[in-house]
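Student: Protein chains in written order, with our numbering: chain A, 1 to 133; chain B, 1 to 261.
Please note: incorrect hints may appear among the correct ones.
To be verified - In silico DSSO-like cross-links for lysine-lysine, where the CA-CA straight-line distance does not exceed 30 Å: (1) LYS8/A / LYS110/A; (2) LYS80/A / LYS110/A; (3) LYS92/A / LYS123/A; (4) LYS110/A / LYS5/A; (5) LYS8/A / LYS123/A; (6) LYS184/B / LYS71/A; (7) LYS80/A / LYS92/A; (8) LYS110/A / LYS184/B; (9) LYS92/A / LYS184/B; (10) LYS23/A / LYS184/B; (11) LYS8/A / LYS71/A; (12) LYS80/A / LYS23/A.
Honestly, the hints are just simulated from the structure, not real lab data.
Residue strings, one per chain:
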Amino acid sequence: MAADKNIKILVVDDFSTMRRIIKNLLRELGYNNVVEADDGNTALPILQKGGIDFLITDWNMPGMTGLELLKHVRADANLKDLPTLMVTAEAKREQIMEAAQAGVNGYIVKPFTAATLREKIDKIFERVQAGGG
Amino acid sequence: MRREQGSSGADLEAYRRAAQQLLEHVEAGDGEGAQTVIDDLTHLRETELFRELGTLTRDLHEAIKAFNYDERLADITSQEIPDARERLNYVITMTEQAAHRTLTVIEGSAPLAQQLAEEGGQLAERWQAFQRRELNVEEFRELSRELGGFLERVQADSRQISDQLNEALMAQDYQDLTGQIIRKVIALVEEVEANLVQLVRISGQRFEADGPSRPARAAEDAEAASERMRRGEGPTLPGQGGDDVVSGQDEVDDLLSSLGF
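The whole structure should be built from the sequences, with the hints applied where relevant.
Tutor: See below:
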């Protein structure tokens, strides 16, 4: 079940090194259409402008956190179904459950491997496609 | 804080009266009477000493109260500074590991690239010789065999180099993780600074009121903790965090699948 490699992915992380890492991993996986933002406040307008098919976000960022961004996304009629993967160092069970309740589609704790990222992205697309989304 | 030096007007009057009496007794040759006056004077002096001592005690008590008042400062010294030290040590460990990971990649892939370049160069020369029709049949056969082997090595080695580069890519995640830790330590240093300034300010003043009651403080602490969790806490140090922290991706996956993911 191959996902469309031309989808547009938004990567949100306050550390430019981590954005580059994720971007490079995505390129390895065949996804070349990637845009970046450094926190929720800069990500939200990009999302609202439309055209983003997949969101990968950190949690702990100055300004708007990834969790707040996720809540904004789920509350927005145009964005509520946007597949969202959280990639974060936040490792408290309570936090993971909170992200799940807020409607995250996948959760990766840092440090992570390229294989984990591939697996979670594939899984999310499988489910999106199975759900007809 | 300096107490006013010297005595009040009432004390001075008592001294003056006693001095007059003492002089009268001495002039009258009344040794016993003089002694009594001197005893009274000593008593007067002691009373003043005790009062002074009382004032000093109260100052000391209030100074100690000031230290207790700032429980946060106590928390910082007893827990957060050692914690910060551990965090910074962890930063050193992480950066060291990342540097080694990257160096290992370079050491592993640089010779491969070098070898490919050298072999490619040699083969190119012979290929040009072949194009100039300078090779006999036997030499061409050998060149062709070596070219075949080389092409296979190019495939295998460049795949290996590509894997190594990916490893170097992943090694750079230390910058994010250590950056988050260092940010927390900076926040702590700022807090210590603010607290010290506050302490200096307080110790130069008298205190009017006690701080918030303990239950109120506990509520504030809980509120602060949940706010920290909402904002994000940053990376957990190895061996820290206890049961409420997952130890890796497997536990995240277990937790999420238990929630129906």
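Student: Mind listing which of the numbered hints don't hold for this structure, in increasing order?
Tutor: Those not satisfied: there are none.
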